[in-house]
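Asker: All chains should be modelled from the sequences, with the hints used to inform the complete structure.
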Amino acid sequence: DAGITQSPRYKITETGRQVTLMCHQTWSHSYMFWYRQDLGHGLRLIYYSAAADITDKGEVPDGYVVSRSKTENFPLTLESATRSQTSVYFCASSPQGHSGNTIYFGEGSWLTVV
Amino acid sequence: AQTVTQSQPEMSVQEAETVTLSCTYDTSESDYYLFWYKQPPSRQMILVIRQEAYKQQNATENRFSVNFQKAAKSFSLKISDSQLGDAAMYFCAYRDGQNFVFGPGTRLSVLP
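Chains as they are written, first to last, in the working numbering: chain A, 56 to 169; chain B, 177 to 288.
To be clear, the hints were calculated from the coordinates, so they are not data collected in a lab.
Treat the hints with care, since some could be wrong.
[What the hints assert, rightly or not] Covered stretches of chain B, going by a simulated chain A footprint (3 or more residues, C-beta under 8 Å):
#1 221-229
#2 266-276
#3 279-287
Built from N, CA and C at the ideal position, the CB exists for glycine as well.
Answerer: Below you can see the structure in the form of structure tokens.
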């Protein structure tokens, strides 16, 4: 049971470059999320998706783009990376429906923008 | 918008002792869920415990229990018989519908 896998796990890129972080889940969960984790801010929601082809902005969406053409994949793209986007990025998923369903996290992607 | 506050950025506890981590939240909803997640140095997010807002009884999972005060919008986590492996960041989280909101976290150190 692979769960949620993120790739790459570690990435260094230059300012202005486009970067895509991949997220794949094997549970067929309806909901998928992207969070960033920065010191002092906890986890902040970037984008989420309730189903394939349905995405919505979270708390900090600027500078990011997402897509969800298939239920199992939810890539996050930084169109023109900035130093402020240096962070740890977590992909997560959750089953549909009952709001008590918990959220399951990937292992994180460490992104450094230089 | 819903917010989650953890007023203790850092805490420490002696091994085998009990510690309580605080969490408050703000919502106008009546039906929601609250969670505590643990993040060890590996950065993996691990569910510790979950509480349903409509349930009066406080949730318990082995050494972990919560004190849920709905009127006060308070959701504290008590760790009994603390172990070295409990050292981690702890995040309080709130969910209604499709949104999860996390607090800023409390870093717990366990002293041998």
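Asker: Next, verify each hint and record whether it holds.
Answerer: Each hint, compared with the structure:
no.	hint	verdict
1	221-229	holds (count 4)
2	266-276	holds (count 8)
3	279-287	holds (count 3)
In terms of the numbered hints stated before, the structure departs from none.
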